[in-house]
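Number of protein chains: 2
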Amino acid sequence: MTTNSATTEIKTPYTVNLSTGDPEAKREEIRRYFHETYDAYEALFEPFLDKVAYTTRADALRHPLIFYYGHTATFFMNKLVLAKLVDRINPGFESIFAIGVDEMSWDDLNEAHYAWPDPDEVREYRAQVRECIDQLISKLPIKLPIGWESPFWPIMMGIEHERIHLETSSVLIRQLPTSLLDGEHPAWQPSDSDTTPQTNEIIAVPGKSVALGKSLEDAYYGWDNEYGTYSKEITDFGASKYLVSNDEFLAFVQDGGYSNRDFWTEEGWNWVSYEKATCPRFWLPQPDGSYKFRTMLKEIDMPWSWPVETNYLEAKAFCNWKAAKTGQPVRLPTEEEWYRLLDYTEVPDAPAWKKAPGNLNLEGPASSVPVDTHPFKHGFYDVVGNVWQHTETPIRGYDGFEIHPLYDDFSTPTFDTKHNMIKGGSWISTGNELMRDSRYAFRRHFYQHAGFRYVISDAPVEIPDDSWETDPEVIPYCEFNYGKEYFDVDNYPEKLAQICLDIASDRKREKALVLGCKTGRAAFELAAGYKNVTGIDFSARMIRIGVQLKEKGYTQYTLPEEGEISSFHQVKLQNLGLDGTRDRVEFMQGDLSNLKEIYQGYDLILLDTLLERSYDPQKFLESASKRLNEGGLLVIASTYDWQEKVTSRDHWLGGIKVNGENVTGKDRIEELLSKEFKKLGTSRDLEYVLRRTARTFDHNIADLTVWEKR
Amino acid sequence: MTTNSATTEIKTPYTVNLSTGDPEAKREEIRRYFHETYDAYEALFEPFLDKVAYTTRADALRHPLIFYYGHTATFFMNKLVLAKLVDRINPGFESIFAIGVDEMSWDDLNEAHYAWPDPDEVREYRAQVRECIDQLISKLPIKLPIGWESPFWPIMMGIEHERIHLETSSVLIRQLPTSLLDGEHPAWQPSDSDTTPQTNEIIAVPGKSVALGKSLEDAYYGWDNEYGTYSKEITDFGASKYLVSNDEFLAFVQDGGYSNRDFWTEEGWNWVSYEKATCPRFWLPQPDGSYKFRTMLKEIDMPWSWPVETNYLEAKAFCNWKAAKTGQPVRLPTEEEWYRLLDYTEVPDAPAWKKAPGNLNLEGPASSVPVDTHPFKHGFYDVVGNVWQHTETPIRGYDGFEIHPLYDDFSTPTFDTKHNMIKGGSWISTGNELMRDSRYAFRRHFYQHAGFRYVISDAPVEIPDDSWETDPEVIPYCEFNYGKEYFDVDNYPEKLAQICLDIASDRKREKALVLGCKTGRAAFELAAGYKNVTGIDFSARMIRIGVQLKEKGYTQYTLPEEGEISSFHQVKLQNLGLDGTRDRVEFMQGDLSNLKEIYQGYDLILLDTLLERSYDPQKFLESASKRLNEGGLLVIASTYDWQEKVTSRDHWLGGIKVNGENVTGKDRIEELLSKEFKKLGTSRDLEYVLRRTARTFDHNIADLTVWEKR
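Chains A and B are the protein sequences, given in the same order. Residue 1 is where the first sequence starts when you use full-length UniProt numbering, and the numbers rise one by one after that. Residue 1 is where the second sequence starts when you use full-length UniProt numbering, and the numbers rise one by one after that.
Only chain A is shown next, with the shape it has when bound in the complex (with noise of 0.2 Å):
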């Protein structure tokens, strides 16, 4: 089972199709796809000419290419551990496999921490893996279609997971010292051709809608973050018929394109700094003044027709540089407009190719090719494959984003609007990473097997602000208003507002007011019956939930069920019924005890536990009369939960003694209203639950009265 022979050809079927066939020929059909996989990955390993090679570090921010030989194997183990499928083979190994990929919080890159083991002993772990996988394939139970619940996903995810690193690791291999390295191994040898550099241009692509995202009915493996629905409106624009190549960039860079500040984001500028960067990654300088060109294993002759690679932020300041240049509005694509660009040119989805389409899937060279090689409609080339292409898009996930529990952070840590997407796949990209759905991303300053192509449009970026609120001041507002009811206590901000809509059903129902409008719930439920409704919060932080919700339509965040694990959750307005009447809603921002005197005119305000928040609340009390319409109701919820944090004593309403007896903020309340207000109807208990954690619970009982103005 080892690979001590050097590889000559990499098989690489595409990946399985999960849905349709004979479950037993299937059950085969994954045992193939495993270790083809794993053999290909482990014929990364064969060029390394010594030990040393597997503990250098190719790049100083990641871990040695030892610790990627383990990972993929160590993934296995830990997914069908945490599945329950297996128990572990080497905890040691499967610990200091696990993490590392990412520049994430937890990862711990001080190689301090770490004493390697050797390459042999890696070697040795990884064929048990194999071994037990292989047994595993065998004996669980299968059935079609294999889908989230099914045993085969976490193999799949094995699988899928080791081929993301075939890629990620090639990367890694380019950047080790070329004396490390079998220069000539059979497998990895680059293209030869380099063509004469074409002039590229633009060719005009007509805008339409593209509609993305995936079912989980899909026949196919896939990510968390392909699944959703999204679509887009595409206006028309022009996209460069070729990939950027070395030679068309290699005059930005001549222009000094490195060293002037102008052409980069400000991100792009530290990154350019701190590297002290020239010229692309994969470009080495001469004496002479030429460039040397590095490939997987070793230096050849510069290849001016084959696509620049770079990362992201030099791609975003070729682009500006080029507009500067020109005077267009030159910029990277969107996703969607990738993805416009794809559904143009009518390519096809993986399964359905008898070959690849252009330079993907290991079929061709290791390496890039000239970038007029491959030709697609309308006068397009590499629309996919050669080296991956960077959008403009931060990665988000689609509507209806769900997490796979076993793998909870593939997706939401890099849902921060810092990883930008890569499209198209490259030379080495397989499996999953051919279809259409895929969808990757990585940090901006992060290098791959990537360049790009540009576009000229005027159509604006839209950076969705796409993350995952996780204020834990806001969050618990966000179940609380949106999410799941607890101890069957009906949803609060609902069930008020309705109190509201059935005491005011035949009365004026133009202008309503809600203060205290937190996450907007109640706000948005008044609109059924109010024609405008105001929902003021003291906290921006609590309204922005209830603009993202009346400008998208949906939000969604973080809760902590335990510790620092997380739940995802999205929730749309839609699905509670409340799309319809959503611009009839506005947030402001706005201070109880210091309200605004434009705030006037209503039919309805509802104050909603917000007195016992508030440093000086009878204030307000004093100036809702005039605030209301005649005949206007005043509704009042309240905890009289006074707190000296909040609102210093002598400004409590209730809960002192005032000439040495009791008062309760009730009596006050009365009290201060009774001269402007008659009170309708008795009061009455309104239960409500935030959720702290997926066990601990704030479970509050709000007094509800109602005033009407006299």
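Treat the hints with care, as some may be off.
Which copy is meant is left open, so a pair is good if it fits within one copy or across any two.
Stated by the list, open to error - DSSO-like mimics (lysine-lysine), calculated; alpha carbons at most 27 Å apart, straight line: (1) K208 x K232; (2) K572 x K657; (3) K596 x K657; (4) K377 x K355.
The hints are simulated quantities; they were obtained by calculation from the structure and are not laboratory data. The structure displayed is predicted, hence computed values, not measured ones.
Assemble the complex: chain A is given as a structure, and chain B must be docked to it using the hints.
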């Protein structure tokens, strides 16, 4: 209605029987009692020669008399407003005359904050209040018996309150300069009797049980502290035949009693030093070394045969001096010993009197009389009357103590072990003060018309620390363990213990350990099945409650309702069916993360929501097995709510990523225990509710797992 003409006789009927009689006749009886009380109080102020007498401070720590003049009327109004029976007459007066009687935190005695009105205005206000109450007495529906809920109760409350101030204001007047007073006012003339001082002697009082406290069905008005039950076995003691006379006290003074620290308690010595006292307050040292004496209105020759009047601290110093001189265990009586003497001398209760059995009820002169004037059975004098008698006993509530909602701070602020009881009444004690059941207490340095009788007894004085638990960390756990159920959630520790008892029903049940016992309920519950239960908590503040319950069978605590307003609660093991086994339970302070080795040999260890509140929870789990007997059970309840402020992140059992994978506390506990334990059954959820205020709660769900030692 004003009382400008000099009163010559104060009418002092006994307090009203509220239980029997014709309702309309009762209405008139109350009206008469009201007016006679109001008259008597106003008569107090008749001797004032000048308005300045109203605004002169008689005592640096008390308001001037003008406050007390207005206060008794305002008290009526404030209670009747609170009871929603009347509207305010003069909100300004009803604010400034409301508070400032004791030295409470809410008393504002800074005179700069007061602009006292003219006494004539106050007199006019008093007349308005009198008229208002008279009308109220006419119109209120009346029904016998008149109990706590009756609208006549606040009227009786106001009357008896004014009768208290009749006495306490007379003490303040006694401290005004005589130049401001008409010393010859006919209603307030002192006795002119002064007999030859008698030598005091000790008379034996045989021990017996005393039963104290009255029921809510009692026919007479009572303050909250009088209700409930309490009984105590009194051992034989000796009591002085007479109250200590001025003559007897003189020996102490002449022996340097006021300058010898040895005789004084620390509190007493602080008082002597601060006041620079050299003799009792109403003794007036003359330049020739003799003394004159101050009565309510004037100075007279020293009546050596009258009872000495001191505060508690001086009385106590005298006893200590006498004990030092005689080698006898001389001290003041306890409350119970005073009652024993009352019972032994068969003193009937006030309503049965034809004439007061001592110098009481203003039936004699407006002063004390010689201590040999009023004989009682068995040779005693002044068992009641003449002056109040200091006791060793700080006031507290009896079992079943409840607070009347219209006067929730009559007693509880004095249940602080700093207010000692005085018993027996003085020449100016009237109304409720004459009743056997009445209980009054003052700060130990306060002066009243009070002296003392000493006793000889070896019985130690037990000062029950009978204050109300107010520790904000502890009181939610008092209610949680012993109080009401909220949101229909069963009592958690009771249910938890029941589950343990059920699981262990056919096992050895000798020794059980509760870790995280809080205020002890689960430990008491487990004692139903285990012979020996140890409850351990990290917090001595928590286990103090358990210890109290074990030792006394009851505990009492306040609960925040809203802001500063609290309610008062008493719980008894007996009412929970837990009284019979409390000797099987012990409570210890201990640290789960560093638990002593001696805690071994258990058949059950219940680990209740403590792992998540320990700084190193793993440590205990590693030792759990060796602490259990063969087949012993470990029951773990946890919310897995790891918090950094309690447990540093590297000691969290779960809620963390280990090698990049989520690990839950539940998983980790299973991993740690699986070698030495077998898990029994499946885990289950157990809800619990912690009350924070009347409307705010924590509502959590513990996960319960049961482990059997292999």
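Hint by hint, here is what the structure shows:
1. In this assembly of identical chains, the alpha carbons of K208 and K232 lie at most 27 Å apart only when taken from the same copy (8 Å versus 94 Å across copies).
2. Taking the shortest alpha-carbon separations for K572 and K657, neither the intra-copy value of 47 Å nor the inter-copy value of 30 Å comes in at or below 27 Å.
3. In this homomeric assembly, K596 and K657 never come within 27 Å of each other (Cα to Cα): the closest approach is 31 Å inside a single copy and 48 Å across copies.
4. For the identical chains of this complex, K377 and K355 are intra-copy neighbours only, at 16 Å inside a copy versus 122 Å across copies, given an alpha-carbon limit of 27 Å.
This entry does not satisfy hints 2 and 3, going by the numbered hints stated previously.
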